[in-house]
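S.K.: Got chain A sorted already, so can you dock chains B and C onto it with the hints?
Chains as they are written, first to last, in our numbering: chain A, 1 to 143; chain B, 1 to 329; chain C, 1 to 513.
Among the hints, erroneous ones may be present.
Derived lysine-lysine pairs resembling PhoX-like cross-links, with alpha carbons at most 25 Å apart [as the list claims (entries may be wrong)]:
| hint | chain 1 | residue 1 | chain 2 | residue 2 |
| --- | --- | --- | --- | --- |
| 1 | A | Lys36 | B | Lys185 |
| 2 | B | Lys134 | C | Lys139 |
| 3 | B | Lys177 | B | Lys226 |
Bear in mind the hints are in silico, worked out from the structure with no lab data behind them.
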Amino acid sequence: MGDRLFGGIGLALAAFYVWQATTIQVSFISDPVGPKTFPIIIGALMALASLAIIVRPDPRPDWPAAGRLAELGAAVLVMVAYAYSLPVIGFVPATVLAAAYLSWRLGTAPITALISGVGTAVGIYVIFHLILGLTLAEGPLGI
Amino acid sequence: MTLSSKLCGLAAGLAAATLIGSAAMAFEPEQTECIAPANPGGGWDFTCRQVGKTMQDLGLVPGTMQVTNLAGGGGGVAYAEVVNKRNDDSDLIVAASTATATRLAQGAYPGNTMEDVRWIGSVGADYGIIAVAKDSPVNTLPELMDKVKNDPTSVAFAGGSAVGGWDHLKVLIVAEKSGIEDARKVKYVAFDGGGEAVTQLLAGSVQAFTGDASEAKGFVDSGDIKVLAVLSPDRLEGDFSQFPTAKEQGIDAVGANWRGFYGPGGMTDDAYDYWVGAIGAVYNSEEWKKIMETNGLAPLDLQGAAFQDFVAQSISQIQDISREIGLIK
Amino acid sequence: MDVFSSLAHGFAVALTFQNIFLALIGCFLGTIIGALPGLGPSNGVAILIPLAFSLGLDATAALILLTSVYYGAMYGGRISSILLNIPGDEPALMTTLDGYPMARKGQAGEALSISGIASFVGAFFATWGLVFLAPQLVKVALLFGPAEYFALFALAFATLGGVSSTNQAKAAFAAALGLGIAMIGVDGQTGVPRFAFGEVHLYDGIDFLVAIVGLFALSEVLIFLEHRGDGSGEGKHAQVGMGRIVPSWSMIRFCTPAMLRSTVLGFVAGVLPGAGASLGSFLAYSTEKAVSDREGTFGKGDVRGVAAPEAGNNAAAGGALVPMLALGVPGSGTTAVLLAVLLSLNITPGPLLFQQNPDVVWGLIAALFIGNLMLLAMNIPMVGMFARVLMIPPRFLMPIVAMVSFVGIYGISGSTFDLLVMVVFGVLGWGLRKLDVPLVPVILGILLGNLMEANLRRAMTISDGDWSVLVSSPLAVGLWIVAIVGFVLPIVVGKALKNRMHMAKEEPGSTVD
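For reference, chain A alone in the conformation it holds in the complex (with noise of 0.2 Å):
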């Protein structure tokens, strides 16, 4: 993806951002300004920048290659699994599982990425939980 394509779907957002603003449902006492005005200039200000981008692109930069995107979209998807897997499984085997995937997968041997990964979700509660006292989540292990 070029810059020529970033400012195509720079202006598509920008569109879609003024279309979405003044589907804005006004209601009967407002401003003189009122809710709408500020998000259609900024989508405005958005679609002009996007032009100027077309206008004058910067040289495509290097995305990597297709099994480097799968890497890093299992990455997202670990993040993913872990925001919904805490207040399931709770706060420390979350953390020590998605900790050691990412050790592992930024080349630590598996080993010792579990490892690494027990000491962070350790180190991290006890931090965070004992001695700053947030609530972190619960599972079935009270942990």
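M.R.: Same frame as chain A, but now just chains B and C:
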């Protein structure tokens, strides 16, 4: 507040205290929890933490009461969580206030109504005030409202809530009661919190201030602002006793920002009675009296069914006025 | 009672064994909270409130603890900005611009220590400002009505072009994106939901901490993952070096004018309610760049680009205490939390606070001086320890960064939805970085978008829809002139000049795509 109503409150408190003795046998709370539907530091958070601490100090709950912050949607996220996921939890209470009632009234918690939860009790109220800067030529509430009547653009009210929020509704209630027909013409400017609104009053950007008594206390004490009216049924106690109520000036408007709690709708009756008693006992404790004083909370002693009715009434009043000005259909 | 005897009295209040111990704990915890992505000063103060209450501290002691955390967090935010290119909290955002490049040039130690000194200078003079100028400064705050605030925020955005030098169109796009994201949620003026698509979680809008952590921290993790095993690329850590721990005297002297200018700017920005520390550090950085970036070294690891925002945000932190104490109006998220604490301790901030509670006020001010010295003493020797973070191999460090980011957000809001939003921001941040779109304007847009719009609409409500209200006071006109003459014109003129030179140079066979 008169002596007789004080005695009434005391009697109710004693009744609640006895109630808790008997109810405790029917329901034993385990790990109690209070949800503050906002980030730490706000009003709901403080309600949870202070009531929770008082309950611990009074030995009403075993161990400590855990405070969980569940922010989002102006309390809507917590409301939905309690209704959908924690409906049977008898160990849970949630902090609420007039803001909760306002949002329920205006349908801002999609798909939820006040019947989805059980309303437990109040722990105090913050009455509304209408004020102007000290050098303003206006001296009484009727004078101010006459100015609004003659030329609505001449008076801009500043408040700490959004349009349609509680600070705005208070002005509209006053406007309605003083015979202004089209409430929408009243000029209201929304600021981020009462403090900012007062500052803009001092800066001369706006002509009047609508807020809660506690928000304005510092400026009232220093004489920087002139309180035209307090929106309470009777004169407040303490420093605010010198200021007349709106009622005294012939405008029958009352606006109380109450603080209280609700619990899950599927809570057992025993648990409900237990919590009603516990909140009542907190309300009547010396510790809580001190907290009310420091936070500028005025008495509002309602528990159980009485509180349920009060919330229902408060919601329907807000609904009426919101409908009138077209905020809801 | 004159100022000095009041202050002496304040020191007498503050210098008890217990209070010094509390200040030490507060400074230490604050530094850590500031350095952890996802936990900022406001959260840091809020999560320590229960501690203050459960210890049964009196008002002065509780305030000393919490303001030490506040100041500590302002110091701490720079650490992850410099070492990891991840702002530990929003005021440390601008420190990434030159701090991380310095670390990559092998000057992490110098960047950390000079920013520590700059933090001290900013906070130190701001505290003196609080002592002597509080009553006068309140009058400054009263000069700012909605129209003036709008002009001030416009000025902040006008300076953006100067900050991100690469591609103005992309900076503008980023700002628009940030502003657009800020609009999500219930409109503060009329209460109608905007861009929320019926999702109740979006009604409160997007928390800027969620955005910062996602855009900076998670995207950093993704970049590392992308470049794993490359031995090259942006993610390469090995080049990051520690350098000297103590900066040379000439470097300090070199930065002194920047620190002093930034202190004044940051302090004034802090005094204005609603603007806060982020605006302070932002204006400090962009002004410093406009004033002294002659060789175009800003953004590439100029030490003044580290000193300026740190002096600015710490001065703003002190400045923000002025409206909180003297008006009872919080100038920032953190002071809003402190205000709530004061109220719950039976202290009503406001015009009479200095007369009614001299113990609290002067004890607090003395504690600020003490805490500030402690932070300097703590931070300079600890530079070596902080910099050691860089010795941790990225394959262990990056998972920790990711997990800390998640926990910081989840621990405060308890919301899975926020975590998902954060992941979305992580992917967005990765894409924007690949496309060379600066991230700072996005954050600035999210931080200031609502304030800017709200003040525009307040001004227009007051004026009954008359747009001329925006230029109706000398102050507003002055701010507009500074914005246009000081920042917009140079870009337009400079660009025209550069383009001509560029075209002359690259005429033969130039390729653009």
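S.K.: If you check each hint against the structure, which ones fail?
M.R.: No hint contradicted; all consistent.
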